[in-house]
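If you read the protein sequences in the order shown, they are chains A and B. Numbering-wise (my numbering), the first sequence opens with residue 1 and increments by one. Numbering-wise (my numbering), the second sequence opens with residue 1 and increments by one.
Honestly, the hints are just simulated from the structure, not real lab data. One should not assume that every hint holds.
Unchecked claim - Label-pair restraints from in silico Cβ distances:
hint: 1; chain 1: B; residue 1: 75; chain 2: A; residue 2: 284; range: 33 to 41 Å
hint: 2; chain 1: B; residue 1: 75; chain 2: A; residue 2: 80; range: 41 to 49 Å
hint: 3; chain 1: B; residue 1: 75; chain 2: A; residue 2: 128; range: 43 to 51 Å
hint: 4; chain 1: B; residue 1: 83; chain 2: A; residue 2: 405; range: 41 to 49 Å
hint: 5; chain 1: B; residue 1: 114; chain 2: A; residue 2: 226; range: 53 to 61 Å
Model, not experiment: these values are computed from the prediction. Where is the CB? At the ideal position from N, CA and C, for every residue including glycine.
Each chain is listed here by its residues.
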Amino acid sequence: MTQTARTQAIPRTDRELIDEFDEGLAVSPADIGERLWHFFISMRTGLVLILALAVLGLIGTLLVQAPSGLQANPQAYATWLESLRPKYGGWTGILNTLGLLSIFGSVWFKGIMVLLMTSVLACSANRAPHLWKLAVHPRTNMSESFFGHAPLSMSAVGSLEPLAAVASVQSAFRSRHFRTIVNEDAGGDTIHLYADRFRWGPFGTVIAHLSLGLILIGALVGSSFGFRNTGLAVSVGSRVDVGNGTGLSVEARNFTDSYYTNGSPSDYASDLVLYRDGKQVDAATIRVNQPLRAGDVTFYQSFYGAAAAMKVVDGTGRVVFDQGVPLEWGSDDGKHRVGQILLADAGLTVYVVGAASGEVDPQIRPGQMQLEVYRSGSEGTRIATQIVTQGQPMKIAGLEFTFVRERQFTGLIVARDPGAIFVWLGAILLVGGIALVFFFPNRRAWALIRRGSDGTAVHVGAIVRHDVGFEADFKCLTDDIKRALAGPSAA
Amino acid sequence: MFKMSEYSFIAGVLSVALALGCYVIAFVAARVMHQRTALAGAGAGGGTVAVDGRGGVNLGAYGTLLVYLGLTFLTASLIFRTVATGHGPFANMYEFSIAFAWGTLAMYAYFERRYHQRVLGLIALPVALAMLLYAMTIPATIDPLVPALQNNLLLSVHVAVAIVAYGTFSVAFAAAILYLVQGENGRRGLPSRELLDEISYKAVVVGFPFLTLTIVLGAVWAEVAWGTYWSWDPKETASLVTWLIYGSYLHARVVRGWRGERAAWLLLLGFAATLFTYFGNLFFGGLHSYSGLNNQ
Chain A
1 MTQTARTQAI PRTDRELIDE FDEGLAVSPA DIGERLWHFF ISMRTGLVLI LALAVLGLIG
61 TLLVQAPSGL QANPQAYATW LESLRPKYGG WTGILNTLGL LSIFGSVWFK GIMVLLMTSV
121 LACSANRAPH LWKLAVHPRT NMSESFFGHA PLSMSAVGSL EPLAAVASVQ SAFRSRHFRT
181 IVNEDAGGDT IHLYADRFRW GPFGTVIAHL SLGLILIGAL VGSSFGFRNT GLAVSVGSRV
241 DVGNGTGLSV EARNFTDSYY TNGSPSDYAS DLVLYRDGKQ VDAATIRVNQ PLRAGDVTFY
301 QSFYGAAAAM KVVDGTGRVV FDQGVPLEWG SDDGKHRVGQ ILLADAGLTV YVVGAASGEV
361 DPQIRPGQMQ LEVYRSGSEG TRIATQIVTQ GQPMKIAGLE FTFVRERQFT GLIVARDPGA
421 IFVWLGAILL VGGIALVFFF PNRRAWALIR RGSDGTAVHV GAIVRHDVGF EADFKCLTDD
481 IKRALAGPSA A
Chain B
1 MFKMSEYSFI AGVLSVALAL GCYVIAFVAA RVMHQRTALA GAGAGGGTVA VDGRGGVNLG
61 AYGTLLVYLG LTFLTASLIF RTVATGHGPF ANMYEFSIAF AWGTLAMYAY FERRYHQRVL
121 GLIALPVALA MLLYAMTIPA TIDPLVPALQ NNLLLSVHVA VAIVAYGTFS VAFAAAILYL
181 VQGENGRRGL PSRELLDEIS YKAVVVGFPF LTLTIVLGAV WAEVAWGTYW SWDPKETASL
241 VTWLIYGSYL HARVVRGWRG ERAAWLLLLG FAATLFTYFG NLFFGGLHSY SGLNNQ
């Protein structure tokens, strides 16, 4: 869009030439700034960036995307990447390197987003003063030639006195909810009239564009200062710390999954109790569409599964563990469910393995769990693998393990999103701004009333763009004016 | 109620099919008449030829009547269905397809009243009819709502708003197709390019705020049911892509070199994205997999 390229050849005599690099063009920072500014306020730039974003979005729907948070775990990510190989073959690595498998976190996406927001902000900053001027200090006077060229125009001559003619023009506009500004020329023979409706409508574009920035800020604030745990598994009858600085712990008193007669699920409900520093602070039954909001932390029903209530007693008879263990992971072959017990004092990690629902394992029969005991910290040093039967204590590594009973666990999403408020505010402004632009179109018209030799001449003109409603309105309006202008005799 | 809904649906399909038939015949007849007069050199039959048979039977008017009739039947079908299921008729692909067709018909009817261009129906009615025929291939059985959909208010509003957006985009698509078919010289008995451009624009002006609202309401619902307002689910992303394309169309109209034909192409792209958003969950799964087509 920039037409004024101020770069110019520097006369050679002015300065010393080191090499031919100095013979070319010199560009000052101000020039670059100006060029950048023109680049960013260009609608074409915005258009291309929006389309580029759409292309990335399309890629994001067409290619499998990495589940969020997976990248934090390189091993899990590598496994996931491997699972794509049958689908994408040799392209898997390339797609991954290009960031196309997690496109919404890729440099491409972020880069275009930043450019687009810069463009949006620059455009708004560039446009707002102009809109303000149009709304607050509109140009009220138009010359006669304007009325000859305006897309919508009407001219009539009547017997009314100029002031009476102005009044009738004014009332015609006012009855259609226009604001009118009358401006008399020094001589008193020429009167200018300006009329507009919904003069704040165009600010909708500024509001809508800035609201996008607010939504983006909300997303950034949320990801920087909030947390989102999508996999908090709480076994029924057990209490688990929420962590993330909330000071909360959550206990699942009950979980029910209900089904319709056709087998599809009808309801998942968890009875939760929240504690802070050991004291109960809240209790509620949550469902899929019914989260529990405790202050700024929200608990959502997300998944569920089988758990094993386990009890571990040490050599002195002290109970070191007595909780439900959610079997929250599936084994690679899909035939087993796995849960984990961390026994920090004993330095042990115990995996509790049960048959997945619907699977039959001759080793692990109903009413049994397999315990795999590892020394914590050193990967791979398995101490023992034992099958335990419900209600029968078993000594492993100096501890007595009891599989008390099968239970269920409820899987929760726990989130705190301090940015959400900005997102919602942005969303409201976005919808409101867009509605303002499109449903309250700014309409502007001018009139010129002049005493002439054969009566009072009235010219009315308007500039319209894509506004059919106004064209029809304009016709009615000018008909009214003509009628009034002809005087009472014609009525 | 379920039976009533089915009967109304079939009656609606027939009405729309007949309406389309009337429009096609009326359009062809008008073209033939126009060519004859042109050949005979009698009367300057210039300007646009409306889809309006001037013979004894005004097929164009019957077509419009049938559009209203079809709209009434489909409305009745959706209402009966709502009563029968106890929730807004938007919970699976069958219900949603009828609703899509309803939205297209309703928006077509609105724009026809406003601009008197029944030729739009030659494109818009096939879109509606295709949706209805598609619905006919899907079992109409009423399945109870899975937990995620058990939010009657948001289910109804989120999807109802989407229907309006989709309907207007169908109209914009129809006008854009005619715009491109029309060519520079306007020889094909179609409305002027300016008018078609304006109809597209007006349709998007209505549809875009509704699409925005659909996405925002979707985000509200996602926050309640899925624990986050945005999770880059394929349907979410596709709707965002659609929103971006229509957003770019609105911007394109004020950029030199992007007006006219390129803008019309953006509308075709936008409608493709709309259909992609609509059908996308069938191909890509994701959180919006409520079509009712994957469980037997």
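Outcome of the hint check:
no.: 1; hint: B/75 <-> A/284: 33 to 41 Å; result: holds (40 Å)
no.: 2; hint: B/75 <-> A/80: 41 to 49 Å; result: holds (47 Å)
no.: 3; hint: B/75 <-> A/128: 43 to 51 Å; result: holds (44 Å)
no.: 4; hint: B/83 <-> A/405: 41 to 49 Å; result: holds (46 Å)
no.: 5; hint: B/114 <-> A/226: 53 to 61 Å; result: violated (47 Å)
Of the numbered hints given earlier, the model fails hint 5 alone.
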